[in-house]
Amino acid sequence: MTIYIDSEYKCHVSNDGTMREFDVPFFDGKCDVFVEGYRYIPANEAWEREDGETFNGEMIAPWKDYSELYLAQLEYEVEQYKAALTEIETALEVTYE
Amino acid sequence: MIYVMGGGQTGATLTVTSSGAGTITVSNTTLGKSYSKSVTAGGSAVFKGLKTGTWTVMLTDGTQTSTKTVVITSDYSTSIAYFSATISITYPATSTCVVKNSSGQTVASNTNTGTSAKTWTATVNATGTYTVTATATDGSGKSKSQSVSITADGQSKTVELGYSYEILNSSVNNTGGWYTAADADNNCYVTPGANNIILHYVSDDSNNWAVASTKNIYEAGNYSTIKCEVEQTTTHDRGPFRFGLSTSTTVGANNNASAGVISNVLITGSGVFSLPLDIDALSNTEFYVRFYVSGVGVAPTATLTVERIWME
Numbered sequence: 001m002t003i004y005i006d007s008e009y010k011c012h013v014s015n016d017g018t019m020r021e022f023d024v025p026f027f028d029g030k031c032d033v034f035v036e037g038y039r040y041i042p043a044n045e046a047w048e049r050e051d052g053e054t055f056n057g058e059m060i061a062p063w064k065d066y067s068e069l070y071l072a073q074l075e076y077e078v079e080q081y082k083a084a085l086t087e088i089e090t091a092l093e094v095t096y097e
Numbered sequence: 098m099i100y101v102m103g104g105g106q107t108g109a110t111l112t113v114t115s116s117g118a119g120t121i122t123v124s125n126t127t128l129g130k131s132y133s134k135s136v137t138a139g140g141s142a143v144f145k146g147l148k149t150g151t152w153t154v155m156l157t158d159g160t161q162t163s164t165k166t167v168v169i170t171s172d173y174s175t176s177i178a179y180f181s182a183t184i185s186i187t188y189p190a191t192s193t194c195v196v197k198n199s200s201g202q203t204v205a206s207n208t209n210t211g212t213s214a215k216t217w218t219a220t221v222n223a224t225g226t227y228t229v230t231a232t233a234t235d236g237s238g239k240s241k242s243q244s245v246s247i248t249a250d251g252q253s254k255t256v257e258l259g260y261s262y263e264i265l266n267s268s269v270n271n272t273g274g275w276y277t278a279a280d281a282d283n284n285c286y287v288t289p290g291a292n293n294i295i296l297h298y299v300s301d302d303s304n305n306w307a308v309a310s311t312k313n314i315y316e317a318g319n320y321s322t323i324k325c326e327v328e329q330t331t332t333h334d335r336g337p338f339r340f341g342l343s344t345s346t347t348v349g350a351n352n353n354a355s356a357g358v359i360s361n362v363l364i365t366g367s368g369v370f371s372l373p374l375d376i377d378a379l380s381n382t383e384f385y386v387r388f389y390v391s392g393v394g395v396a397p398t399a400t401l402t403v404e405r406i407w408m409e
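Which chain is which? The protein sequence lines are U and A, in order. Heads up: the first sequence runs through residues 1 to 97, numbered per the numbering used here. Heads up: the second sequence runs through residues 98 to 409, numbered per the numbering used here.
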């Protein structure tokens, strides 16, 4: 999935014109809320956290509470399933109860 | 319900027994009446001639206050105590420990000059959120904090503070053992040791993969970083191995070495070195620690020996 990172290495699904573009398979199939809760440090780059700890790339780690991201992704996948089921029902002209 | 037996006295008698010293005041705003008496710890204050109704009983020593209401229909006895809750705190050696309320005021403190962790009990006299902080006194600058919420009188909470938690090192093994798996043609394989784990990768044109996952599951809690110390034989700048955290121990039906991985860092470099992975956002998430490799002709043949894993 193509993502964009800002100056704090936070991920975005769209570019505001100042971000860098990367293809990161880790985010394939992930919803926008999930992606934008992560930080991506490219290889050969480093990010210093506010407490002084330095993290070297390539690193992929959430910066938002992961439990919230997990819930958002779960809800996204449920909606995807419902949409797929509706398509099937439409194609077969049936309704599954 | 007990009714006044008389005795020729108008009103009821309220007896208030206090666990703490101070001044007891009984008041009824409807009647516009208020009476106060001093009391010693464990002593009682007796108020006679009170008219029926709802009375407020307050105990205070000028610093702490406790209040309750009683409905008087006849002679009545009650007890009152200052709010008290406890926090049992275990914190590292050679450190100080401070408990602060939400206003930043220190309400309790302790010092540990010993060489091992110390447990003490802090008493707080109000509900609220308290911050417990341990600070090393050895000049290392290490510090660790945790918040604790007190919501009721008599409540007891436990806090354990540590500057680090060892999952694996030369004398500690808190992994619970390892789940290991590798590709069928054995170009990759895993060798678990008593206090280390070794992943082997052979690069060829087939799909090569291997996984080693702890069987124990962890929570970041108040730790913000998880680290590993490894020895890697490759000098390739994109070494094949990754250090990750996963919600699963296994590779799943599709032999996916990165199944369930929620964060990871590429292990680059050769020789012995340590590297961190940010877990600041995982305080509410349980995870397994995983080392894995997956790829086709990704890098030269390499061996990764994991010597230590810890959180700090």
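Hint data in this document are derived by calculation from the structure and do not stem from the laboratory. Only a predicted model underlies this, so the values are computations on that prediction, with no experimental measurement involved. Check before you lean on any hint, since a few could be wrong.
[To be verified] Okay, the calculated bits of chain U under chain A, using three or more residues with CB under 8 Å as the criterion:
1. 43–57
2. 64–71
[Said to hold, decoys possible] Calculated Cβ distances over 12 Å to all of chain U for the following chain A residues:
3. Y132
4. S360
5. E409
[Unchecked claim] Lysine-lysine pairs mimicking DSSO-like chemistry, simulated, CA-CA at most 30 Å apart:
6. A:K324 to A:K239
7. U:K64 to A:K215
8. A:K148 to A:K130
9. A:K254 to U:K64
10. A:K148 to A:K197
11. A:K239 to U:K64
12. A:K197 to U:K10
13. A:K134 to A:K165
14. U:K64 to U:K10
15. A:K215 to A:K254
16. A:K165 to U:K64
17. A:K145 to A:K134
18. A:K130 to A:K145
19. A:K324 to A:K312
20. A:K148 to U:K10
21. A:K312 to A:K254
22. A:K239 to A:K215
23. U:K64 to A:K312
24. U:K82 to U:K64
25. A:K215 to A:K165
26. A:K134 to A:K148
Where a beta carbon is used, it is the ideal one built from N, C-alpha and C, also for glycine.
**OP:** Compare the structure with the hints numbered earlier in the document and write down the numbers of the violated ones, lowest to highest.
**Re:** Of the numbered hints, 4, 5, 7, 10, 12, 16, 20, 25 do not hold.
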